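*Asks:* Residue-level listing of the chains:
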Amino acid sequence: MIEEGKEKVWKDYQKEIAEDNYFYARSCIRQNFFPGSEVAFLRILKELGKNLFDDPRHTTCTGIAYHSDIVPFDTTMTVVARHFALMTEAGLKNFVPSCITSFGIYTEVLELWRHHPEIEQKIKENLLKATGRTFEKPENLAHSSDIIYKFRNEIANKSKYRLVNKETGKPLRVVEHIGCHYSKMFPEKGVGGAEYPLVLTGMVQAWGGEVIDYPERRQCCGFGFRQYIVQANRGYSVACSKKKFESMAPYKPDLILTNCPGCPYFLDRWQYVVSEMEGVTYGENNGGIPVFTYEELAGMVLGYNPWDLGLQLHQVPVEPVLDKIGVQYKKEDKYKGVNGKDLGRPESPSCLKI
Amino acid sequence: MDTNKTVAVIGGGIAGMEAATFLSARGITVYLIEKEDKLGGHLLDWERLFPTMRNGSEVVKFLMDGVKADNIKIMLSSKLTAAEKSGKGYNLRINENVDLFADAVLVTTGYDLFDATKKEEYGYGIYDNVITSADLEKIFMSGKALQTKQGNVPKKIGLVHCVGSRDEKAGNVYCSKVCCVTGVKQAIEIKQKMPYTEVFNFYMDLRMYGMHFEALYKKAQADFGIQFIRGRLSEASEDQNGGIILKVEDTLMGKPLKLTVDILVLLIGLIPAKGSKEVGELFGLKNGVNGFYKTTDQHTLTNSSNVDGVFFAGACTSPKTITNTITDARAAASTVAAYLFNYRSLERKIEQNEDFWLYNTK
Amino acid sequence: MKTFGYTIQNDRQIDFDAADKKLYRYVAEKEPDINLCIFCGTCTATCSAAEFKNMSFRKISLFLRRGLTENLKREIESCMFCGKCTLVCPRGINTRNIIFNIRKGIEEYEF
Ligand code: SF4
Ligand code: SF4
Ligand code: SF4
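Protein chains in written order, with our numbering: chain A, 1 to 354; chain B, 1 to 362; chain C, 1 to 111.
Simulated from the structure, these hints should not be mistaken for lab results. These numbers were taken from a predicted model, which means no experiment stands behind them. Any given hint could be a false lead.
[Stated by the list, open to error] Residues from chain A shown here face chain C by an in silico Cβ test under 10 angstroms; the list is partial: (1) H67; (2) F186; (3) P187; (4) A194; (5) F223; (6) Q227; (7) N233.
Where is the CB? At the ideal position from N, CA and C, for every residue including glycine.
With the sequences and hints as input, model every part of the structure.
*Replies:* Pasting the structure below:
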């Protein structure tokens, strides 16, 4: 692999990311999948002194329903328009969705309107009729991983830990997985483009780790909404993830880093499913390969309490990573809620070692 | 039979050399202006030629024999920097310090090779073992063995057709004409040097239009066992040993196919030369939709330009094989002579049609 | 009905005369680019779905032209709308939008 070649590609795909004053659009599923991630994002930006508005009136973007053929695109566009209206009402111009599919939807809607102003006009009228609201389009649209990427060096400067094995002094080996809707549809809207995305790689490098490029890096995790939602189709979903595991396992990665709501969930939980169904595991000592969201990883290097980051909700335990880096944490607090109440223990898998 | 006419030929590749030869034979003084320090152009970097497998150097030698004439003034390391109409001809400035007058100008600026780094998904310049057809020729010419970057003998080699040609994403919608048969030629050469290496060509269509091209294709199958897979490469990735994993659809089977090769060769297309652009700006020459110079007519006035006294020969107007370039150069010499000596043949006109083949390139 | 221990073979010829081009015309009107496909398979080779499902945009493009709506309906279900196929198509076809319109057409005509 010739690194300079990649750097050349990266230079061609640099996007503008706003400096401050963000309207945050949460994901409709992330708070269930990885509940600590969005909270960590808010905390990181606050500590960086950034102004962000987290509007409780914000709803789903309808992405999942749109991709499952339940909601027509006109409805999706009107909901998107409502979110732009909330941003406009808040006096903000920089729109930051937390979900990759939302990011894809917003990008697509804006592109469509750019080519077809008459559609934008129609949606404006729809929104006005339905809600009495008007809106301006965002001046800057960036995914929340773009924001963390932008401030990766600031985070590195404030960090308590580096992605380095404290025993061997070697950088941790990280494989990354970018959500398909981040840049496959519009490569120029993603940091680093679609073939060699830089957004997560840049974070890993800034925080001391080493990124491993594995052959099936571009393969989808298999979420795909309509595929996963129908139970009978899940075999297809898991097969997609399995293809990735088989491709990355020979590189012995320390962790998987992702930037989409669905990907970390699937890459984490399917390791359990594959282990139960086929008896195969992909990590060290019959364990799995721990999976992180970028907010969790940022929070971890910043020294946030792992259990505040929600890392106890991962299927594949994250402790091996914490131990390699030397993160201090209390084992006994793993299953305690915010008020110190015991949350109980999950059942142990029969094959995957935890 | 000196005629006291002077022609400047801009570009000392195949077209420029052969046109100079035929112009000089008519008693015309020729300035053969070449920006490099050698005549021969791209041919100097090509070892053997399709479909005969003759050495390119033999053709260079043949062309060199032609330009030895006394009335051909070869100007090497020379770049045209200014041009100004003067009477029926042109005052030309070379390298900021040499001025000369020419009654007519023949532009033979040829082509450039497609920059394969633009096809990001193929990993040229990123993966260790991805090379272009031009790189492969250089290796052949050096006489060194073809090896992987890791120093191993390749067991499997893939050749990808249409890299940077017939591709809207690369900005070039046309067919480069020479790469299909080059791919077959190079596949055979690899097999000749390494009989135990498996060779695969990935193609959309095999365009074997020239005399004996089809025979070469058949020979590749019959005598060398080269495998042709109908599917265009969608992406390549690198494995731990530096192998290149290819993803194509085996379109005839109707299934996606994965194949790991030790070396991947990209058959890069021909694109309009940077030099053509510079020279074109000096004279106000028009380009066609694909960025090559636009000839006055597609069928008949194939060596004339939109500017009086300026003519074209060779691959500066479209990708051409060596055979076609040589023929075109001789035709151009004839056309220039017709212009200089007022032959009636150049007075003919033909009505221009709209470029109906023009489709919207996004 | 008698069986005689065998069945009468079905005809497997594509009956181009009987082909129902309604859906094709519907899609071609929305996205005329469908006519530009050269069946190179780049879309299929890059498609995450194609590796597991009988799903090939190249074939879908053919089924549409041949009026083989049943095959098409089955295959198109597996598309995850990721758009990677659009990225690689050498003819610059908006494949994703075509899939979108095929689905709309299927619904509209209740195939
Ligand atoms: S000659 Fe062959 S390889 Fe070259 S552009 Fe044409 S079809 Fe493609
Ligand atoms: S990549 Fe484009 S041209 Fe090739 S088969 Fe797919 S849709 Fe057709
Ligand atoms: S949009 Fe659909 S057909 Fe295209 S690559 Fe993605 S899953 Fe495959």
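*Asks:* Next step is simple, just say for each hint if it's right about the structure.
*Replies:* Now the hints, each set against the structure:
With 10 angstroms as the threshold, the beta carbon of A:H67 comes within range of chain C, its nearest partner Cβ sitting at about 6 angstroms, so the hint holds. Taken as an interface hint, A:F186 checks out: its beta carbon lies about 8 angstroms from the nearest beta carbon of chain C, inside 10 angstroms. At about 7 angstroms, the closest approach between the beta carbon of A:P187 and any beta carbon in chain C falls short of 10 angstroms, and the interface hint on this residue holds. With a least beta-carbon distance of about 6 angstroms to chain C, the hint placing A:A194 at the interface is held under the 10 angstroms criterion.
Evaluation of the A:F223 hint against chain C yields a held restraint, the C-beta minimum of about 8 angstroms falling below 10 angstroms. The beta carbon of A:Q227 is positioned within 10 angstroms of a beta carbon in chain C (closest approach about 6 angstroms), and the interface hint is therefore held. Taken as an interface hint, A:N233 checks out: its beta carbon lies about 8 angstroms from the nearest beta carbon of chain C, inside 10 angstroms.
No hint from the list above goes unmet by this structure.
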